[in-house]
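Peer 1: Quick mapping for you: the protein sequence lines, in order, are chains A and B. Position 86 (the first sequence) corresponds to 102 in our numbering; numbering is contiguous. Position 48 (the second sequence) corresponds to 154 in our numbering; numbering is contiguous.
Simulated from the structure, these hints should not be mistaken for lab results. Keep in mind that the hints are not guaranteed to be accurate.
[Unchecked claim] Below are the DSSO-like pairs computed for lysine-lysine, each with C-alpha atoms no more than 27 angstroms apart in a straight line:
{"#": "1", "chain 1": "A", "residue 1": "K277", "chain 2": "B", "residue 2": "K145"}
{"#": "2", "chain 1": "A", "residue 1": "K277", "chain 2": "B", "residue 2": "K341"}
{"#": "3", "chain 1": "B", "residue 1": "K145", "chain 2": "A", "residue 2": "K272"}
{"#": "4", "chain 1": "A", "residue 1": "K277", "chain 2": "B", "residue 2": "K332"}
[Claimed, not checked] Quick list of the computed label-pair ranges, beta carbon to beta carbon:
{"#": "5", "chain 1": "B", "residue 1": "R262", "chain 2": "A", "residue 2": "I136", "range": "54 to 64 angstroms"}
{"#": "6", "chain 1": "B", "residue 1": "R242", "chain 2": "A", "residue 2": "V133", "range": "28 to 38 angstroms"}
{"#": "7", "chain 1": "A", "residue 1": "I261", "chain 2": "B", "residue 2": "P123", "range": "29 to 39 angstroms"}
{"#": "8", "chain 1": "B", "residue 1": "R242", "chain 2": "A", "residue 2": "P39", "range": "34 to 44 angstroms"}
{"#": "9", "chain 1": "B", "residue 1": "P236", "chain 2": "A", "residue 2": "H119", "range": "20 to 30 angstroms"}
{"#": "10", "chain 1": "B", "residue 1": "R242", "chain 2": "A", "residue 2": "A194", "range": "45 to 55 angstroms"}
{"#": "11", "chain 1": "A", "residue 1": "R191", "chain 2": "B", "residue 2": "A307", "range": "23 to 33 angstroms"}
{"#": "12", "chain 1": "A", "residue 1": "R191", "chain 2": "B", "residue 2": "M107", "range": "30 to 40 angstroms"}
{"#": "13", "chain 1": "A", "residue 1": "H119", "chain 2": "B", "residue 2": "R262", "range": "24 to 34 angstroms"}
[Unchecked claim] Beyond 10 angstroms from chain A on every Cβ pair, some chain B residues (computed):
{"#": "14", "residue": "R204"}
{"#": "15", "residue": "I248"}
{"#": "16", "residue": "G267"}
{"#": "17", "residue": "R333"}
Ideal placement from N, C-alpha and C gives every residue a C-beta, glycine not left out.
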Amino acid sequence: MKRYIDIYLSMMKLSILEQWQYPLANYFYMIGMIAEPVIYMVVWSTVAMQQGGMVGGYTPGEFAAYYIVWTLVRSMNVVFTPYGWEWRIREGQLSMSLMRPIHPLHADVAFFAGWKVVVILLWLPLAFALTLIFKPELNPTLLEMIVFFFAIWFAYLIRTMTLTLIGMVTFWTTRVSALFELYFAAELILSGRLVPLSLMPEWIQSFAWFFPFRWAFGFPIESLVGNMPLNELLIGLGMQIAWIIVGIIFVNIIWKIAIRKFSAVGG
Amino acid sequence: MPSVISLQKLAKHYQVPEREAGLKAAAKGLFKRQYKNVKAVDEISFEIQPGEVVGFLGPNGAGKTTTLKMLSGLLHPTSGSASVLDFEPARRSHDFLRQITLVMGNRNQLSWDLPALDSFDLQRAIYSIPADEFKRTRDAFIEILEVGDLVQKPIRNLSLGERMKMEIVGALLHRPKILFLDEPTLGLDVTMQKRIRTFIAEYNKRYGATVLLTSHYMADVEALCKRIIVIHHGKLLFDGNLSQLAEKFSAFKTIGFTLENPATDLSQFGEVVSTDGSRIVMRVPKEKTSAVTSRLLNDLSVEDLTVEAAPIEDVIESVFAVKKEAVE
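Generate the whole structure from the sequences, applying the supplied hints.
Peer 2: Below, the structure written as structure tokens:
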């Protein structure tokens, strides 16, 4: 355990140092990323105002809160993508990772966790600016803030597992981007990324409950802005943990099969 | 002494899709794919003793890298078995990976944007190297390779040779017992090649490590390896020392001598390879060496006559020229 803590801290340190090499690039990336929620925010606030100040239970201020928190959750959702898997196999980087006495997944989780530290620090002034412009209605309790803290890290782990599973398809075919696009389309609808899930038809909400997307995106936001009762917060965290465990089990099973298929094509 | 690396009929076959060029063939390939079975490594066997430095030679596509990848646990063999330090490499146990390293001349594992010192620290954590041992080893390697002024510069700002030195330091910090070196001097200038060769020799001497080295630079092989294994078309072609290799594969020997009258016509004796003033180097068929030497001494006024095996580059060229059918 001590060894893994040392590895995680060292890898996170390396990642933070790397990201600080390019603070401007990181900032522009984040600024580019907020264009999407700002559009959603403006559209839904306009709809709310046209419908007497509220739509689906959300006021313009609550939409603002939802989408400002969205920006942080979206940043926490950034993980090693299947495109990255394609690259690491093609360029022979996976071969070098496999030579280390540690599962490459640990390196990915630790590296991106380090990146998140930088992302959160860069996000704070952006969130402040968005707050001044859009005036969100956000009054979380201490409990909600604690749940939110865990929920965004659990969300990060869920998305890491799901995209690792898709990424591992590259052991069979070196092109996996089409599958990722399909995943991305489902995620857009079933996660709460496009609109809060409570605005979706009842059957989509029920459907979304059984997929990881909501627990990796919508739930963390709702835990902070949705005034959820304690039991729903706990169920949400429980579902996240369950998806992480399921993800780890599947990643391990597929990994054992996939590694036998590895042909080290890139070197 | 028990061997540390042992291969028994080790083989790796690939199913490679193939089709004719053009749209019609591409459309046909959608419904019925054709595959070709490629024997990258074809039942090779050899053993390596602790502390040996072995040159693993072969032309491009001979199966060298595939073999190294199987021995380092990256690839699962199709058949046969391999044992490294009594481990089965394909299982990739952490205890096994802690005792080996694979350095590939065109691959890197250090962070591109950071000074090597930061990446070295990550190696310390990954290989659980005690802090004082890590510092001692790191500083010793930095001194031997004379890179003290480079370790604080981002890797991206270093030359190819400087980067390679850093990669080697990073790959050896955990003091592996087995080194698989795949073209470690690829693309480097002569001085840099020599520095890296000296370092590998020093590491082997200091820690008694076993080294399996592939290189297209014969200077690497001559300087480091007493034993040579040659692989061609996936099959083992030769396993022995360098002089035996020349004996077996070279059809020629070189005769060097100083001639009193350099203008003499030598075509009846053999092929003149080079002339430097009165110093002549001539290539003659191996079986005629004694006869030609006697005739040169009897018929001409020659001094300082030496008979040598053909240069290693020429020998290797003859080995690589062996046709596929000849090794099957």
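Peer 1: Work down the list of hints and note, for each, if the structure agrees.
Peer 2: Evaluated hints:
1. A:K277 with B:K145: With a Cα-Cα distance of about 16 angstroms, the restraint between K277 (chain A) and K145 (chain B) holds, given a limit of 27 angstroms.
2. A:K277 with B:K341: 23 angstroms, holds
3. B:K145 with A:K272: 24 angstroms, holds
4. A:K277 with B:K332: 36 angstroms, violated
5. B:R262 with A:I136: 54 to 64 angstroms: Between R262 (chain B) and I136 (chain A), where Cβ atoms are some 27 angstroms apart, the hint is violated.
6. B:R242 with A:V133: 28 to 38 angstroms: For V133 (chain A) against R242 (chain B), whose Cβ atoms are near 32 angstroms apart, the range 28 to 38 angstroms holds.
7. A:I261 with B:P123: 29 to 39 angstroms: Given a distance of about 38 angstroms, which is inside 29 to 39 angstroms, the answer is holds.
8. B:R242 with A:P39: 34 to 44 angstroms: 36 angstroms, holds
9. B:P236 with A:H119: 20 to 30 angstroms: 23 angstroms, holds
10. B:R242 with A:A194: 45 to 55 angstroms: 51 angstroms, holds
11. A:R191 with B:A307: 23 to 33 angstroms: 44 angstroms, violated
12. A:R191 with B:M107: 30 to 40 angstroms: Roughly 49 angstroms apart at Cβ, these two residues miss the hinted range, so it is violated.
13. A:H119 with B:R262: 24 to 34 angstroms: 28 angstroms, holds
14. R204: 5 angstroms, violated
15. I248: With a cut-off of 10 angstroms, I248 (chain B) remains clear of chain A, as the shortest Cβ separation is near 19 angstroms.
16. G267: It holds; G267 (chain B) is separated from chain A by about 19 angstroms at its closest Cβ, greater than 10 angstroms.
17. R333: Given a closest Cβ separation of 25 angstroms, the condition holds.
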